[in-house]
Amino acid sequence: MKSAVKLFSLFSILFVLVSCSEDSMDDIAAFNITSVSPVSGSVGTEITISGSNFPADPSAIEITIGGVPATISSLTSSELVTRVPDGATSGELRLTVNGQSRTALPSFTVLDDLEAGTVENLFAPQTGGQGQGEIGGDFTRFSFESGGVTESETEWDIAFRGTTIAVNGGVVTGTNDEPERNGNAGAAIVNGIFDEILTAEGLEFAQDAQGAFAIPTGSDNGWYNYNFMTNVVSPIPGVVLVFRTHDGRYAKVEILSYYENAPANPDGFADASRYYTFNYVYNPNEGETQLAR
Amino acid sequence: MILNKNYFLIIFLLAGQVFLRSQERMRTDSIPTENLEEVVVTATRTLRQLSSLPLPVSLISRRQLQQTGVIRLDEILDEQTGILMTPDATIGGGEGVQIQGISSDYIMVLIDGVPVVGRSSGNLDLSRLAIGNIQQVEIVKGPSSSLFGSEALGGVINIITEKPDSEDISGQVSHRSATFNNQNTSVNLNQRRGKLGYSLFADRLSTDGYDLAPLQDGQTINPFYNYTINGRVFLEASEKWDIFASARYFFQEFDVSPDSSEETDTNLHLRVTQNPGTKSNLQYEVYFTRYTTNEQIEDPVNSDTLIENDFDQRLLRPEIRYNYTFGPGNTLSLGAGYNFETLDRSLFREQVSFESQYLFAQYDFKPAEKLNIIAGARFDHHSEYNAQLSPKLSVRYDINPALAVKGSIGSGFKAPDFRQLYLDFSNVAGGGYSVFGKEVESEGIERLRENDELASLQVDASELGDPLDAESSVGYNLGITYKKGGLSAEINLFRNDFRNLIDTRILATKNNGQNVFGYINRERVFTQGLETDLKVRLLDNLELSAGYQLLFAYDKDRLEDIENGEVFARDPQTLETVRLDRSGYFGLENRSRHAFNVKLFGEIPKWKANANLRAVYRGRFGITDRNGNGLLDVLDDSFVQGYTLVNLSFGKRLFEHYSVQIGANNVFNFQGNNPLAAQDGEVLINPGTEIFAKINFQF
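Respectively, the protein sequence lines represent chains F and R. Position 159, counted from 1, in the first sequence is what the numbering used here calls 159; the numbers after and before it change by one each time, with no gaps. Position 495, counted from 1, in the second sequence is what the numbering used here calls 1495; the numbers after and before it change by one each time, with no gaps.
These are calculated hints, taken from the structure and not from any lab test. Here the structure is a predicted model, which is why all the values come from computation and not from measurement. Each hint can be trusted.
The calculated SDA-like cross-link candidates involving lysine to any residue, where the alpha carbons are at most 25 Å apart (straight line), are:
id, chain 1, residue 1, chain 2, residue 2
1, R, K1370, R, I1409
2, R, K1556, F, G192
3, R, K1556, F, N191
4, R, K1556, R, R1582
5, R, K1370, R, S1052
6, R, K1556, F, Y226
7, R, K1535, R, Q1135
8, R, K1366, R, T1325
9, R, K1535, R, G1407
Modelling step: build the complete structure from the supplied sequences, incorporating the hints.
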């Protein structure tokens, strides 16, 4: 009797196994995507896809982002790491195994690359000041999008005159010859190493206001120190200016020099001043706060 | 030259007088073979034997002053251990004295116990003080506000003038010529006749000046001339009453179109000493001093006055002191005084005045034979800032007759000065910024607001006008001294903690983009290190001394910032920001980690000649921050390399009344290089070798 029960059980199990065999192949490969992080990124950004039942063989998996195939850099049954491939465009992030496809929600946004650059000798003349009468003269306007000086009255982000930096946001401060503010730019001063400033998230952005620039003017107050002994304006080391652009993008700036050709030790009496040299990183994606790869 | 002729006339008159009297007195200048018991008054305001004091005191003797051939106080201080004369931080300019790494703003300078006033940006110009009639210079290191009140944080330099001690007229007439057409003539007369003594001193110094920046217009030191006249009277009115009166006047002028400047310094000092018994002693003192400068810059074309800057500071101080001696080495001192101070200055809206009252007490006693304790305190009440209590305790224990341990702890303070309280200045030429002293900042800001010049206030309006505290310090000294036979050695460890140092801050922004500055108590710094001194008598007439100071001087807040990783510097190559670590912070400006001096004084009695060789080394120091982080770091290109100045002089007595002296300062013609000089310019640290010759007629 006992053995009869055993046999029955065995057959039953076999039957179940066999009867499921067609479907069960599907079930075993029934992988799932539970999360994707991040859901946006520029080319080269590492993407971690979590889920279950990923096959052990990477070659069995096909990943596409916006239809462009990506390669797998590491794989376990529950986690898969890939990178945004060259030429990817925003769209579905899709995993295909043995013809079965799963699509991650929401769809993946491929961001434009951060743009990094150095602006050399941006000339920011002014008239008057230093005992020569009232300060005046046009500001030199700069656009992060174009990475250079712009003549546009609207498509500018920040503007320079002497040691003063204006942003295209807020209202006019009341100084002579200043440009109209028609954007939503703002500025925040952060202390740190340029490369270590990773994001604009959480910063409070000030805008130009009646009587006060977003970046405060004066020595030791905003971006520079003035040494009366050497007559030199030095950018304060560790001061990183983070900007929101006129159209809601973010950028960070480190001013390197206020003198023509950025000499290591400027001569305050001989070297031509009001020539800005600065490094910047610009995130061209609207609302994206990331400022370092 | 007319003046020089006059002096020659005086010389002849005096010579004649001495000849008629046919009496002369030989002053013995030889190095005593036994250790003379040198006494000082500055450490306790009573007469104390230098070698028995429980706190660090240096003494520069008359012999050293004479044999080195120096003529001004600054020149001799530079050769003392733990004391440096620093070049003004601005290129060229004046010098400041530094003791234990503490700058000249915090060092009090006295003549016969009463203060010299008239500082320019905190610096007292010590080249104003001629030393032709000085008996000795006493330097107390470390806070001494318990006796002297404000300004005595870093130490006290007290110039003790000589007293007539001969029934016969004695004195000297001398002339010294040196490089840069430096001409110094001085006459010194002393006599004591019975109960009356007098002393007269006149000194004239002129020079063509020199230039440290040959490629720039103008000279660093303009040609000038000055006079010092000092008359003193000593009267023993009775057994119980002594009277001392002194009048000193200094006048200096230079006139190099378009700039001209006049400077005067007047000191009137009256001291009446009463000795009611052998145990008690009362001193009544009245002191008045006035310091004025008058600078003018004229338009070179039409001689209109472009800038006029006047400065007129006065101080009147009555003081009473009482000493009671309970027994040997057991003295109680009490004192009280009143300061009336006024300053009239072009940059102030009106004449300003201070009043302060003070009391001090000190008990100097020996609870055991080998133990000396001095405990003292002073209370200062002031019309413009919080009252100050400055205690000090010094202890000395004699382990054996040769070896002693001494330690002291004391506090010092410096009252906010007139500038920090009353300056009302808008720099039109320099871009339109404004600076307000604490007492006038509220109304200054209000005035700017009414004139519509104010853009925004950067501080809470309720903070405006909050009183400034005095800057204060606590100083610790711990040392060992050894003295036996011809050898004396001393090691002293020191630490000075400063707080509430007054700094400028931005009060508001003006519509022209410039700032309005005010003053605030903010900075905390410390200086610490060790100083060591060694004196050896190599031969009967040959003495070698050597000194060394090790110094660390830092801003405490900046050290904390570095600890927190909040201080950055700029890589000189890439100009990119790097985080500064502790080893990158060099410390306070103008401080050298190491300073040495070696001095050799010798005499040949047979030839009535003396010679000396002195070398002073000053280690590397930085002048200013250059990369904008507000502190001096190793990446700043503003360091002056260490240098040595070697000075020597020879003196010989000729006949009975004459002596000649020749010498050279900075023998190796060190000139140095100021790193702040323009790229194709050159700015020197030192004008180079100075050769001098002096002829002296003494009687």
